[in-house]
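Protein chains: 2
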Amino acid sequence: MKNVQYIASQYADLQKKICRILEATDGKSTFTENKWIKEIGSGLTCVIQQGEAIEKGGVNYSFVEGSITPIMEKLLGGKANHFSATGISSIMHPQNPHVPIIHLNIRYFAFDNGMEWFGGGIDLTPHFIDVAEARAFHNQLKTICDKYNDSFYPQFKKWGDDYFYIPHRNETRGIGGIFFDRLMPDKKNNFEQLLDFTIELGNAYPRIYSEMLKKKSKFNFTDAERKWQQIRRGRYVEFNLIYDHGTKFGLESNGNAESILVSLPSSASWEYNYTPEVNSPEYLTLQFLRKDIDWLNYGV
Amino acid sequence: MKNVQYIASQYADLQKKICRILEATDGKSTFTENKWIKEIGSGLTCVIQQGEAIEKGGVNYSFVEGSITPIMEKLLGGKANHFSATGISSIMHPQNPHVPIIHLNIRYFAFDNGMEWFGGGIDLTPHFIDVAEARAFHNQLKTICDKYNDSFYPQFKKWGDDYFYIPHRNETRGIGGIFFDRLMPDKKNNFEQLLDFTIELGNAYPRIYSEMLKKKSKFNFTDAERKWQQIRRGRYVEFNLIYDHGTKFGLESNGNAESILVSLPSSASWEYNYTPEVNSPEYLTLQFLRKDIDWLNYGV
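Chains as they are written, first to last, in my numbering: chain A, 1 to 300; chain B, 1 to 300.
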């Protein structure tokens, strides 16, 4: 477990960089910093609210350790007694419904039985589908993945499709991205390279989102589009509270609830059997919320 | 399993009575009826939206049967291969923040191994605590319980405290009520009596809530009180999506998602680290969100 402190300090620096870039893009609101210490460890939760472009966003850094409960063991998929973990998780909810919701997570786990691994992902949840934006997003992720391992993008893209999925709605959360877990050093990628991979994803995250914010935050939108955003946020809440492993693990390990749930939007709505008009942008968006779309080549 | 059809038909009648009473109280909006049929069974979802007093409410009736998956087995706490179930579940979200959210569930399960039981509960979630209202509510529940068994109220009140609890917030959902599960015929209460008990609870539910609506729906409220209502609704969403067994069982058994999630409010909000002013009504409400308050005798 010699590496945990080393990685934790790099992730802590990365968190600050992410916040600085995003608040510069927002231009109005800044991140408040909330340090927390609990029995399980400590963290820094940076929150931006009521910005010009970002309605609510959180960038969480934490460094925790403790005993492994049966439920955690199941979530982790491995046998061990004690774990240490450090990571960053972040979600941004925009003001403008034409801007997508974005999510980043990078994490490192070490166990007393010698196991250690990285995990993480970036995924995008547009309220309104924009094929060119989805393609560019997946291309950006592929470019990063390919620097480390040709198999990463195809493997992690598929993993993202499966992970960011809402079974009871038979919908993906958005247009996916990448997701990976239990990523361990091997012949192809040593430990330092895997660490660099996660850090490069963390650096790409605010750049990618800043581009989107700059492009679309000033777009006009109607009350109907704002309402649709609220309904899509409702789905986001369903995914995070019912399925997201990070949320489950955090709450189960008695983490800081306010920090874990900073991922939730400032508002959301649910309307019974809400069905968009056929061929409306809302309707067309729903057609794209499915697995196995080859976004790199879609519509090219 | 001879009883299932018999009980299902009584519950179906009860659902209609509940809707008629509540829509008469609302006076503006009425329940729409949505029949659904899936592989697992069928149901009728009655939904009221944008009423004068009720902002959103659902009364679900269902009659389902199927094979038992490992996750369902864990939720049920018993070994069997096949189940039949019928029940009513209902939640009402009021327009006025001074009116509480209310919830009813009654259910009957029968299994191929001969087991059968009733379950259910009624609980109240005020946005603003009203001690007299809480006391009257618990007294009404006790009166019904005592007609069947002296041990029901004390036992089921405690069960409600434990069940309607949000561990990650260290808060109860509201002021509780009663909750019971795996209630089987014994020397004290035969099958018919237990069925009557659940039906009496179902009949009491719209009467109890109508009284509250009539008393408080015209109360004035401020934007700040409305905002607090949205935040409390956020907690309600957290409970329902993370902890509620009925929601889990419904989604796991591939039930009708729109019907199951009609329990969610039309809108909710989350604000990072929202902390009410000391001694404000919001603050005082939080002080009451804990287990083991003897509401029957509180403040008497």
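Treat each hint with caution, since some may be false.
A pair holds if it fits inside one copy or across any two, identical chains being indistinguishable in the list.
[Said to hold, decoys possible] The calculated lysine-lysine pairs, modelled on DSBU-like cross-linking and capped at a C-alpha distance of 30 Å, are:
{"#": "1", "residue 1": "Lys35", "residue 2": "Lys216"}
{"#": "2", "residue 1": "Lys38", "residue 2": "Lys291"}
{"#": "3", "residue 1": "Lys35", "residue 2": "Lys227"}
{"#": "4", "residue 1": "Lys218", "residue 2": "Lys38"}
{"#": "5", "residue 1": "Lys214", "residue 2": "Lys79"}
{"#": "6", "residue 1": "Lys227", "residue 2": "Lys216"}
In short, the hints are calculated from the structure, not lab data. A quick note: this is a predicted structure, and the numbers were derived from the prediction, not measured.
Hints and how they fare:
1. Lys35 - Lys216: This pair counts as neither: shortest intra-copy Cα distance 33 Å, inter-copy 42 Å.
2. Lys38 - Lys291: between (39 Å within a copy, 23 Å between copies)
3. Lys35 - Lys227: between (34 Å within a copy, 26 Å between copies)
4. Lys218 - Lys38: Neither: 41 Å inside a copy, 44 Å across copies.
5. Lys214 - Lys79: neither (46 Å within a copy, 57 Å between copies)
6. Lys227 - Lys216: both (18 Å within a copy, 29 Å between copies)
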